[in-house]
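Please assemble the complex out of the two chains, which come individually in their own frames, going by the hints.
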Amino acid sequence: MQNEYVLQMKNIQKEYYGNKVLKGVNINIKPGEIHAIVGENGAGKSTLMNILFGMRVIHDTGGFEGQVFIDGNEVNAKTSEEVMNLGVGMVHQEFMLISDFTIAENIKLNREITTPNIISKTIGGSSLEFLNRKQMNKEARAALDVLGMNISEETKVAILPIGHKQFVEIAREVDKLGIKLLVFDEPTAVLTESEADNLLAAMKNLAAKGIGILFITHRLDEVKAITDNITVLRDGEHIETVPTTDVSVEQIASLMIGREVSISQNVNMLSESEINALPTILTVEDLHVAMPGEEVKGVNLEVKKGEILGLAGLAGHGKIGVANGLFGLYKASGSVTYKGEPLDISDTKNILKKGIAFVSEDRKGVGLLLDGSIEENIMITSMQVKKNFINSFFLINTSHVRKHALEMIDLLDIRCTGPKQPTRRLSGGNQQKVCLARALTQEPELLFVSEPTRGIDIGAKKLVLDYLTKLAKEDGVTVIVTSSELAELRSVCDRIAIIAEGRLEGVLLPSAADVDFGLMMSGEYHKHKRREA
Amino acid sequence: MNMIKKLGLPRIIIILFFLSLWVTAGVLKLYLPDYLTDSMIRIGMNLILVLAMVPAIRSGIGLNFALPIGIICGILGGVLAIEFKVVGFEGTALVGLGGFLFALSIAVPLAVVFGWLYGILLNKIKGSEMLVSTYVGFSIVSLFCIAWIILPFTSDEMRWPIGKGLRTVVSLESTFGEFLNKLWAIDLGKVSSSFRGLIIPTALLIFIAFVCLIYLFFSKTRIGIAMKTVGDNPKFATAIGLNVNGYRILGTILSTVLGAVGMVVYAQSFGYLQLYQAPLMMAFPAVAAILIGGATAKKATITHVVIGTILFQGLMTISLPVASTFFLEVAEFDGGNMSEVFRMIVQNGIILYALAQGGGSND
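So the sequence lines, in the order shown, correspond to chains A and B. Each residue of the first sequence is one higher than the one before, starting from 1 at the first, in my numbering. Each residue of the second sequence is one higher than the one before, starting from 1001 at the first, in my numbering.
Hints may be right or wrong, so weigh each one.
What the hints assert, rightly or not - As a list, the in silico DSSO-like pairs of lysine-lysine whose alpha-carbon atoms are at most 30 Å apart:
hint	chain 1	residue 1	chain 2	residue 2
1	A	331	B	1298
2	A	349	B	1124
3	A	403	A	462
4	B	1235	A	420
5	B	1235	A	461
6	B	1235	A	364
7	B	1164	A	349
8	B	1190	A	349
9	A	387	B	1299
I should point out that these hints are in silico values taken from the structure, not numbers from a laboratory.
Isolated chain B (complex conformation) (with noise of 0.2 Å):
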């Protein structure tokens, strides 16, 4: 009783609800370890960016759906990287190092700066930042849409062939694409025939293990404190002498910074790009992946993002063979398009569920 009431029952049926999915794969007789390793693919591309919620609600923003923000500057980190041309450690093991980091080096201070308005604006609205955030994503989205066109870029690879302005995916296959899934990765198949196809990311799950304690880091140093307390409560915060507004933009700034990190880790592992509209909606999967990881609106840790977002992944993985095999043989229908149907169902029943709960009761 006490396990249920700790869980909450949502996460209870999305538990359970997960797990029936990787059983009734098993017994549809689906190659399982190919939806392992595409599993953890997915679970490392998408984790900074559900990390990416964790100083927006600690520091007292709620839910960042302005995602987008963040997600705009890693993604002109890549374009630039393309543009440039840099690749680096060419002919080595270590080939796309040079376009991951300048990637980086051109997306976390852009986001630095975006994060950093976007944060004085939220303290100018108070009290409504979730419903403002979700359209400064999508006004975001929209103004770049005409940026894309209209940035003088001059690279092959990105434009259209006729006209102007970037082509909607772009490719990184000859920057960094990639870099991070295949770099030191292990496959389990040469070490026994029946885990064939079983391949762990190592470099990517490294990378992400280091953004997570890094960040587990900063939460423990003074810094990290204050702005959990300003998030806490800020009358209290004011009372111990704490900026409050100045918390606020840090914490901003640097779930804008983690969205452009994830962004370029998502894009490597994606290997292209998505411009124009792509970007729209990728905040509401990493608010529903901390939700269901047992997030509320208040109160977010590092644990939360790992549960919630192998649970979110894993459950996505899954759900489209299951689905459209399970239809195919039992219903004799393809019912491919039912793992989105399912998708939209789980994130966005799982983001009502919690907004609906006014935040989530601790006690």
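For reference, chain A alone in the conformation it holds in the complex (with noise of 0.2 Å):
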């Protein structure tokens, strides 16, 4: 009677370190189904398959909650090999391949078949053994027919294209003997469309094969296409569990995005009209950031002065690579006015003198000196580029930075010793807090924020919020929010830009519809209006 699913997870909640990240859920999965679980990040998909595979994160941090069965066996597995042996593989985002490899060597990588020579026997074991390439070549060649793939398995992995190499990783789990259950984490995000289709079209070749397939994906469309039923979660929730067939692209997506706002919302936001009314302060045209892992491929964007404008998108789409880019921090090109003049975007230095400042998404490696004070860390940049601070000696005026450093501290509520201690030993809301009030002492007109709750607790997370609101107006600064937390820019933000694979999206209000959201940040929303006109 368990046989019946090749995969069930009952009930499976998980906590890390008091903050509730799994919520209750259910997945069940039968021999031969393609099954969708689809998500914001930190929807908690990626900790779900760190509790599948038994990984060492979740046993460090106080196991979870809930059951895990494969093929109707409970599993309480501490290790990602005791998984794989009952038949369970995963294809990565990322490749584990050895480029000077063939095809069938990564393949067999670390399962090679070898034969006995006169060395081994005399000494014994199987590690002095020669590789039997006749065999190797053969069951190479018959996972790749598996897929489909009709390339010659003496091939180097080095010179294969990227939608190759994707197989070839998932040829390596169906050479694996009694694969019941494989998991796609994101498998298309890399490929170009017509690799995708491939993908797809293997996969569903495999379902029919009897293997049951679990597919983490973005991509709503692809789920549509080729998924028998989804799992949608949210914050750790289980939202509903639906057959494909009964649900739109639209209803998925809203069901991703819609959930209740926890955060105050800003009152003052400002109408459409208003926003219009307002005079640029700045334009982006054609912005490209080569920031590796959140690539701009041509961002056109126009703020208006003292709005909060958000940017919002999936991980990996760009997002953070525009205030990054804009901020000379990475190799970047485009042409950008700010205050009607010509702004270089490569000259650091002369941005931050131009008023405008940038609080890091990279807290700890960007944002802040670990080792210096508070004091030292509120401090620096306005010294630097403003040359404040220094008394007539030229020396740093240190009961200045003393009085600053804690009017900051009262101003900000940065729960710390004194204005001594060293910024490492603060808490994460408390260290943003100090880059906050760095960037603050500058005293900007134009403020970038990235990230700016990330990893914070809900207090400092609201005081943090609200500053920025207050910011905006009371004080007429114009704030752009980089975050991944939707809910929150939609209770701050007066407009949000949305990014999807490096481009600009759109443009909307906060009060637009859950499904405008959805189809947006998985970059359909132009795909699907043309389909629908």
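So, in structure tokens, the structure goes:
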């Protein structure tokens, strides 16, 4: 009876340091079923996979609640090898292939077929046996055939296009004896459209052979095209599992996004006509940024003076790259106009001088001098750029620095033992406040804030967001917030620009429908509207 | 417990070793005032060379094993002072001041140029500065081995009597030898006979204090703080608009200049200039001293310099007489070489320890 399912996960719950990231998730997959898990970044998909594969990070943080059954047997795996031996395979986003080996060698990596020789017989053990290439090639061929891949198994992986590498990776899983379930984690993210189509066809092929497939993706049209059932996760909650035939792409999108907003709504939000009436402070044309993992491929953006503009999008689609590129931290090109004058986006110092400040998303790497004290961190940009906090002997004016730091600690409620405390010892939320204090000390007219609430507790979150609102509405600072938390952006921003696949997909008002946000974030808004028309 | 943690085990061992050697010296009835005078002079002559490590560490290039670059500049200054017979203020208490200042005026601009070029090199090999700097230091010494032979010096004080080139050791007696050591020196032996032989090299101590103060002043300026920021976190520095490569070059130049100044001071105390292979290993005692003082490859202060130089040089001064007396009296064999063995173990051991720590832990 239990064997009805290849994988069952029952009421899975997981806490990270008191923060519940999975709140009772149930997954059931039958042999031959393609089951999609969809959700925003941080919805709990990767945690769920970490639990399935018994990754260390789960056990190191206190394990999980709930039960996992593979092929009807309860599993409590401590390592991913255990799970893999039970017939579960994983196709990774990044390829784990050795480029100087042939396809067959890669497929058989660490499971090589060997024949004994005189030395291995004398010494014993199999580590000195010869490779049986004939048999290896034959079995690799069989695996490739299952996927409908007609390239020679003796080709070196190095010369393969990306799409084929993905297939080699899958073939390795298929080749394993008794494979019952394959997990595809964002397999099409790096593929071109036609390569993705091939992959989807191969997945259907595999399913037809009775292998269960768990498909994790952001691309809703792919989900709609090939899956049997869809599980929607949102903020760690299991929202719904539905047969794919019963829902439309729009319905999936709004299930993914829709949620109650927990942060107080910005009540002074501007209407569309009010925004249009504002003067333009920053114009960005055809911005390209070579930030690894967050590449921007041509963004046009107009920012109005005094508004709060949100930059939203999925991880890896380039929203983070926009602020970093405009600030000269990564190689960037494009024409930028600030207050009617052209702005050289490679000259960080000049940008800072013009009253533009940036709170980085990489708090510990770029945002803070971890060994420096709170006061040092707060004053340094202003000192270096505007030559503040220097006395008439060209020395640092320590009393002025101290006074200002105490004011900032008070203003932003930085919880610390004093202005001399190294920022390394502060909690994430207080570190973020120090970063913000540093930017404010510059007295900026235009403030970029990236991921202001990442990894900080709800209290600090509220304070930071409220302060950003106050800055814009009371002090007239233009604020550009980049965040993965769409709900937050919708609560504080006047407008939200959505970046998908390195380009501006569209600009929405926070009040726009969940469906539109969902479609834009998966980059299908225009495709979809065209289809409707 | 907190104290042990703060100082670190190796430093505690060295402090205990240092104290036990001085106590042993007392027990063996060695005449301590002589060794105290010796210690003060050695501390004075080495301290600026140790200080030269600070800007290098602060600006993020790590321990400057290429200190011989600065040292060579200092030697060039000294050699030229002899060549042109610059002495200055003959017949007054300030005799030698002219030569000393002349040597500095040659050494410092040269060090700026060499430091700048070397800084450009270091910016191209980020991440392996310490390895490369060791070999750059060795190479420049070898290069100047040729230079000492072919440069057209004419002073008979320096040339070999027959053949070409300069001698391996050149006396500074006629120019600025022991200029700072003797200037305003206070002989405490005149105050009380029990202090006979205890001489305080006032001008030397004032000079090193002056150089340290200038550096302290610099480190509190906007530029000094920017340089430290670059060393602490280059990514952060870029994000606040600092020119990371520029400040690394500045740190390299400062380190090289301090090396040059340090060499001139060292030479005047020693009374001789040692050419050819002598500067080859001179970076290592300086590196060891600052590490003993508590610095790491990433963090260094003037306090580390002062404590480290006192411990390291004090240790060197006393270990030779203690070792030779001890072995002669207790083991009945000549243990004179043992102090050199100690020196090597302490010096290279502490460098090895500090580098194995991966730059030390700050928490």
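These are the hints, each one checked on the structure:
1. A/331 x B/1298: 28 Å, holds
2. A/349 x B/1124: With Cα atoms ~23 Å apart, residue 349 of chain A and residue 1124 of chain B stay inside 30 Å; holds.
3. A/403 x A/462: Status holds; Cα separation ~26 Å.
4. B/1235 x A/420: Holds, because 22 Å separates the two Cα atoms, which is no more than 30 Å.
5. B/1235 x A/461: Roughly 25 Å between the alpha carbons, so the hint for residue 1235 of chain B and residue 461 of chain A holds.
6. B/1235 x A/364: 10 Å, holds
7. B/1164 x A/349: The given pair, whose Cα atoms are some 55 Å apart, is violated under the 30 Å limit.
8. B/1190 x A/349: Not satisfied, since the Cα-Cα distance of roughly 62 Å exceeds 30 Å.
9. A/387 x B/1299: Answer holds: residue 387 of chain A to residue 1299 of chain B is near 25 Å, not above 30 Å.
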